[in-house]
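S.K.: Take a look at the letters that make up each chain.
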Amino acid sequence: QQQVRQSPQSLTVWEGETAILNCSYEDSTFDYFPWYWQFPRESPALLIAIRPVSNKKEDGRFTIFFNKREKKLSLHITDSQPGDSATYFCAAQTSGGNYKPTFGKGTSLVVHP
Amino acid sequence: EAAVTQSPRNKVAVTGGKVTLSCNQTNNHNNMYWYRQDTGHGLRLIHYSYGAGSTEKGDIPDGYKASRPSQENFSLILELATPSQTSVYFCASGDAGGRAETLYFGSGTRLTVL
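Protein chains in written order, with the working numbering: chain A, 1 to 113; chain B, 1 to 114.
Derived from the structure by calculation, the hints contain no laboratory data. Check before you lean on any hint, since a few could be wrong.
Claimed, not checked - Label pairs and their calculated CB-CB ranges:
hint, chain 1, residue 1, chain 2, residue 2, range
1, A, Q81, B, L114, 37 to 43 Å
2, A, Q81, B, A3, 40 to 46 Å
3, B, N73, A, Q81, 37 to 43 Å
4, B, S70, A, L46, 39 to 45 Å
5, A, K68, B, I60, 26 to 32 Å
6, A, H76, B, S107, 25 to 31 Å
7, B, G51, A, Q81, 38 to 44 Å
8, A, R69, B, T5, 39 to 45 Å
9, B, D38, A, G83, 24 to 30 Å
10, B, E79, A, G16, 39 to 45 Å
11, A, E42, B, E79, 26 to 32 Å
12, B, D38, A, P82, 47 to 53 Å
13, B, G17, A, L46, 33 to 39 Å
As the list claims (entries may be wrong) - Going by beta-carbon spacing under 7 Å, a handful of chain A positions derived as facing chain B:
hint, residue
14, V13
15, P44
16, K57
17, F103
18, G106
19, S108
What you are looking at is a predicted structure, and each value in this text was computed from that prediction instead of being measured. Note that beta-carbon positions come from the ideal geometry of N, C-alpha and C, so glycine has one too.
Starting from the given sequences, assemble the full structure and let the hints guide the process.
M.R.: Have a look at this one:
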């Protein structure tokens, strides 16, 4: 059973556009949602993260919107740049002992100049 | 900065052979993880550990064993390698400070089983 789902599987946008990456989850005990990005031939690295106590987290051009009732979140990348081309993973965790993170399958983003 | 080192970077093994993938972290993190990454599957958790001497099964543990002999080292062992285990393997350590865990990944090991 897939606990964390991401869509779309791949996304192509033009430079300057806003890219929207979606994520949903099933386990209501999840209370921490990090997004990782992975560039070709590199390892994943933390990009931005959110807790359900807030419904929005912003870091420069990257913003997470969170809807606890619907168990959905999305990552918005405004003014997309070719350097943002990467695979983006949504992850979910339950804090308080068992930190085991669960990853979605990822969204491959390509930003054309 | 967190440092997680994996070895080897690349490995070619024969079917039925034994393979050991090693991971070392220098940040005194309690939690360590082994993931495999395959196209279309994202990152799938194989085994993880909460500290020296402990290992836990992840979501796809079949065919793999793990060993955590010390805080710094976490190994993944394939006793009888099969072609289906051809993949890229990532080790990660977790900093669980403040109830939110950031994972720091190693550079990966590309394993090919012939």
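S.K.: Run every hint past the structure and note whether it holds.
M.R.: Here is what the structure says about each hint:
no., hint, in the structure
1, A/Q81 - B/L114: 37 to 43 Å, "holds, 41 Å"
2, A/Q81 - B/A3: 40 to 46 Å, "violated, 28 Å"
3, B/N73 - A/Q81: 37 to 43 Å, "holds, 39 Å"
4, B/S70 - A/L46: 39 to 45 Å, "violated, 25 Å"
5, A/K68 - B/I60: 26 to 32 Å, "holds, 29 Å"
6, A/H76 - B/S107: 25 to 31 Å, "holds, 30 Å"
7, B/G51 - A/Q81: 38 to 44 Å, "holds, 41 Å"
8, A/R69 - B/T5: 39 to 45 Å, "holds, 43 Å"
9, B/D38 - A/G83: 24 to 30 Å, "holds, 26 Å"
10, B/E79 - A/G16: 39 to 45 Å, "violated, 52 Å"
11, A/E42 - B/E79: 26 to 32 Å, "holds, 30 Å"
12, B/D38 - A/P82: 47 to 53 Å, "violated, 26 Å"
13, B/G17 - A/L46: 33 to 39 Å, "holds, 35 Å"
14, V13, "violated, 21 Å"
15, P44, "holds, 5 Å"
16, K57, "violated, 12 Å"
17, F103, "holds, 4 Å"
18, G106, "holds, 5 Å"
19, S108, "violated, 10 Å"
Checked against the numbered hints given earlier, the structure breaks hints 2, 4, 10, 12, 14, 16 and 19 and satisfies all the rest.
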